[in-house]
Amino acid sequence: MTPTPVMEAIDETLEPQRGQPPLSVIYEWVTTVDHKKIGLMYIAYALIFLLIGGIEAMLIRIQLWIPNNHFVSPQVFNQLFTMHGTTMVFFVGMPILFGFGNYLVPLMIGARDMAFPRLNAFSFWISAFAGLLLYFSYFGASGLYAAGSAPDVGWFAYAPLTAKVFSPGHSTDYWTLAVFLSGVGSIGTALNIVTTTLCMRCKGMTMNRMPLLVWLYLVMSCLVFVAVSPLTAAQIMLTLDRYVGAHFFDTQAGGSAVLWMHFFWIFGHPEVYVLVLPAFAFVNEIVPVFSRKAIFGYPAMVAASVGIGFISLSVWAHHMFTVGMGAAGNTFFVFATMVISVPTGIKIFNWLATIWGGKVIFAVPMMFCVAFLFQFLIAGLTGIMLSAAPFDWQLSASYFVVAHFHYVLVGSILFAIFAAFYYWYPKVTGRMMSDTLGKWHFWLFLIGFHLTFDFMHVPGMLGMPRRIYTYEAGRGWEMWNLIVGIGAIFQAIGLLCFVYNLFWSYFQGKEAGHDPWDAWTLEWATPSPPPAYNFAIEPTVNSRRPLWDLKHPEDPDSDYEG
Amino acid sequence: MSTIPIEGPIETPWKLPHRGTVGMACLILAEAAIFIIFVVAYIFYIGKSLSGPTPAQVLELPIFGTICLLSSSITVHFAVSALRKENLRNCTINLAATVLLGSIFLLTTAREWYHLIHDEGLTIQTNLFGTTYYSLVGLHATHVVVGLIMLSIAFALSLEGLVKEEHAEKLEVLSLYWHFVDAVWVVVFLVVYVLGK
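Note that the protein sequences, when read in sequence, are chains A and B.
The C-terminal residue of the first sequence carries number 562 in our numbering, and the numbering is unbroken.
The C-terminal residue of the second sequence carries number 1197 in our numbering, and the numbering is unbroken.
One chain only, chain B, in its complex shape (with noise of 0.2 Å):
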């Protein structure tokens, strides 16, 4: 094979990002959008429902469920450094304990939306507030579903032993969907629970 030598600057070595990490960052980037529409509703309809229950009348701060579920956050990071580090079993602890703080999250929820229907009977038919509410909610908590799943499997394929350190960069990739995951609930924490009410 001949070849044109051509003169130029002494080049750097050709680096180009993880495929995986950027297309992650496009498909939180879409997600983001959705979300901030939801967000936008919710906000646009505070205190505009014509009729009752009103949010400062049934809901409740969810502190266990977002400490559990800001943690989570905590301990999929370690599991990605642990990976990283070839520590597999600190790496399959710290995957268990995010499946198990995400689904301690989910299990408030759940908890919450029986009280609101059970108790309180507020349902998303019943005024804006539950519309924009069940709807926001909902779709974090859907969310939260999908990540659990995939961290589920990950979880899984680690007790089998076959997580390996090549994979780190694909855990890294599912870390940073779940911490947007984190991050959307914080929002929603914020608008729904402290400037909702």
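Excised from the complex, chain A in its bound form (with noise of 0.2 Å):
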């Protein structure tokens, strides 16, 4: 006999203060250790990334709109897209996951903070630093040589292009610093969520009974250690390189530039997964609450996504068919590539059988995992077309590439982030997002999205070549690139409408209750927001989906479970 307290007792709590001095509240802020603000203060400055990226995203649309167009110089267009990319994936995707992860792990398994509150503040300072150096470079970079600006060696910087002789000054400096504490950080925070989920659950929260998020970001951590790390060292080597004359990367004393390539991209493909996992997580959380299910096959997707973990590191070097490894070493990588669309093809099943007989209900949240849904299809797809060898030496740094990879991080990922956006927020301000609101960023984003994205790979097959910075008319590129600019502004405006609505439902949204979807899981148990210690008492769990054996005590899901 195990008693499980009932829903008033977790969550019985005092009503939160208000109308604290500003100073105070700043105060408050800069030296908390809760992990709820710790997340939140990771999205906010995700955000504020995400924005200053899609406007480098423009600017480079903008000078790509028409032929020949010298909106910006080949110097700044070359800071551009390395600033978006570097922006994107450090500074955007990794911060915005790592918040969700802080606020909803412990949430999900009934712990009240993170098993290393401090570190946890540390990894998040040391992150929000690294973002600040890399856009200080713009004021600082120039150094001695008054070369330089922002870093314009792509967003991965290969040799010897980042050496002192081809980039002088501190620009590739800024690049290398940045990215190294947002690593450090990055290991910081993965550490406290493996801990926290091994060491923090409530009682009767095994393993087993995990939320499937939970698992996701559990096998994500992991995977930053073994993936990120390299990253870390072989910028410690680069900065060897650059400062003490060291000659890892540099191929006038019998250096090798590939070298560098597999230490990039034994970090750059595995970090992939890093950002895909999560957004594997929020539609794990979501779909089966909106089809009114359990998710279909639990463990088949831990199964899978373990699977996803492990065969992710064996693919890397599937970015540099073109660079010549011989036929053996590019068989393996076909391979190894082409065999982790089996596991995410177990997923997209799962999902799939998830809504299959459900009762459907297209809330906001739903809509962005069901386009999820189908645009990770064709990622995907795309994805196998260019694993194969042959097919990849034809469109390899083309656009083709660039629309394949987007496809993932805007398409599945950022679709995702959104979905978890609009399910979660009234958790975390205790008011609804505007439903209205909500569609019109839905659909003018899925338009623009599908405008840019699937038109680009057409240039790409064409023959236009990523990160030039124009082109000659007559090439039949045009049309393309214009169809590709105008779904970008789609996009803007969809975006736009999304930030509105942030701001605009905390102060009019509808009041969210505790738990205004109905769910299932241990976060929607307290008050909405949760106080600074999460539950009143320790709750404790007898299965997959405490809540619903809290609401349906006649038929808990504890008599199914094994």
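Any given hint could turn out to be false.
[Stated by the list, open to error] Heads up, incomplete: computed chain A residues facing chain B, CB under 10 Å, no partners named: (1) F116; (2) V194; (3) T196; (4) L198; (5) C199; (6) R201; (7) G204; (8) N208; (9) I266; (10) G268.
[Claimed, not checked] Under the rule of at most 20 Å between Cα atoms (straight-line distance), these lysine to aspartate or glutamate pairs were calculated in the DMTMM-like manner: (11) K1048(B) - D250(A); (12) K37(A) - E56(A); (13) K203(A) - E511(A); (14) K293(A) - D555(A); (15) K1015(B) - E1172(B); (16) K293(A) - D557(A); (17) K1015(B) - E538(A); (18) K1015(B) - D113(A); (19) K359(A) - D518(A).
Hints are computed from structural coordinates only; laboratory data are not their basis.
Every residue gets a Cβ at the ideal spot worked out from N, C-alpha and C, and that includes glycine.
Since each chain comes alone in its own frame, lean on the hints to assemble the complex.
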């Protein structure tokens, strides 16, 4: 007999205090070690960088709007795509996902905070500092040579372009340090998430009963240790090359530029999965709630996630088919890359099976999830095309590749992040996000996304290389680039709707109550917003859907789970 | 407070792993990945230097330093088990021995570097061997320094009589880090002084 506390007991809490002086509010946020506040700061900081990175993307599209355009100089264009890529991966993707993880993981496992709250704060502030450092390069990178401003070496910074000779000034150093520090912060937060998951679960929350979101964050965090660390090591080597005259990537002294490519992509490809696993995590939580069914195939989902974690470590060199690795190397990485579509396919089928026969409610979070399903499928299909080495030889470093990975990063990850915003916003603020504005955001962004990235595949197949700053007329690329640019405008307006919605709903949104979606995981047992200590008494769980058990004591899940 | 009783299987007592141990295991995993990259770079560049000196010409087996460092793993283990048995005096003595042995190792590395730089003229700029050797051994030495600082703090606290039996878990976490640093040295020794020569 295990006593389960009733919901009223779990959330028996004090009213939050309001109306403090602004200085003490700022002091509270800067010194906080509360996982919810740190999570929100992560998200806010990522949203600011999302807007900056978005503006950079818009400038790139304006430059490519018509042939022979001189809106920006080639130098500035190189800086724009470098900053856009670095910002979006390290200062939008990672922090926004870590922000959600920080906020949700302790709540979902019935804990009162992360395992190491001060390390948590440290990781956030070091990441925030890294972002500032990257953008400070616009002012501080000139150095003694008066060359450079922002980094312009591309987001994967291939050697030997990063050598002191080819990149004088300090712009590359700002890039290196920013990426290095962001890596330190990521490893710290990942360490915290793993430890929290393993050591802070409430009574009865066995590994077998953890929400899938927590499982995916566990796999993602383990992946961070083995994926982000190699990048950290490579950045140390690059700094030694640039500052004390080491020769790691110095071809003049026998060093190898290809070694940098390997080290970068040993990080770079698992990083894609580091970003996409939390997106899967959001979809895993949202799809069942809006289909009014338990998730289909929980053990298969866990196994597929762990499988993706392992396989993703052996696919990195599919970014390097054009380097000339030889037949054996190419064949291995072709097969490894194709194999990873098996566990991802299992996930897609399980989501479909969850929706199948459910009472589907098309609220805004679910709309974004359904779009995610379609777009992730297409992103996976172009991924399989590119994984075939001969196909890749044709289209490597073309706009086809750019379209493919934006389908993953925007069409899948960003759509899942938007779904997560609409789904958990009521928990965080106590108010619902506006449904009307949400639908405007969804449709504008969906149309914009497809105009931009569906049509971006075409100039790639017509031979347009990525990263060129302009192109001649008459190559058949003009119309496609024009459509891509028009799509970008739709996306920008959609994004503005979303940002406006975030602010408007905070003041004007409908009161949400504890559990507006009638959901089943523990975070919905707390008031909205949850108090600093989360749970007044520690919850006890008996199944994967503890709130279902509380709401339906006559037919609890624990009767069915082995 | 009312409760709803729910029928269920008889639960085993709810026991979760110690968070310090798990956290340190994660850190060790991340650090191991960093070291692997440096080791891979070292192995990749063996014999690829365009100019001398080569490892065979200048490197000598650091037997004495290695024995000291590996022994310090044993003494730190004794320190933890002494603390578990509430034998505080023994714990302090073993911590002192650990710090001493670690420092001797660091001194042998310093002597080796002095010899290489001063007598053989090998610096990080000389060739690929210098680049990979100093960065790999230097990265390890940095970890030894960090470990020694933490062990010295533990030693100072135990001299003050502030280390008690309830801190055994924390000292064990520190000892895990120290064992890791020693294990890395075994790899560095094999790669640099055996395979690389």
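- Task: Would you list, in rising numerical order, the hints stated earlier that this structure does not obey?
- Result: 8, 10, 12 and 13
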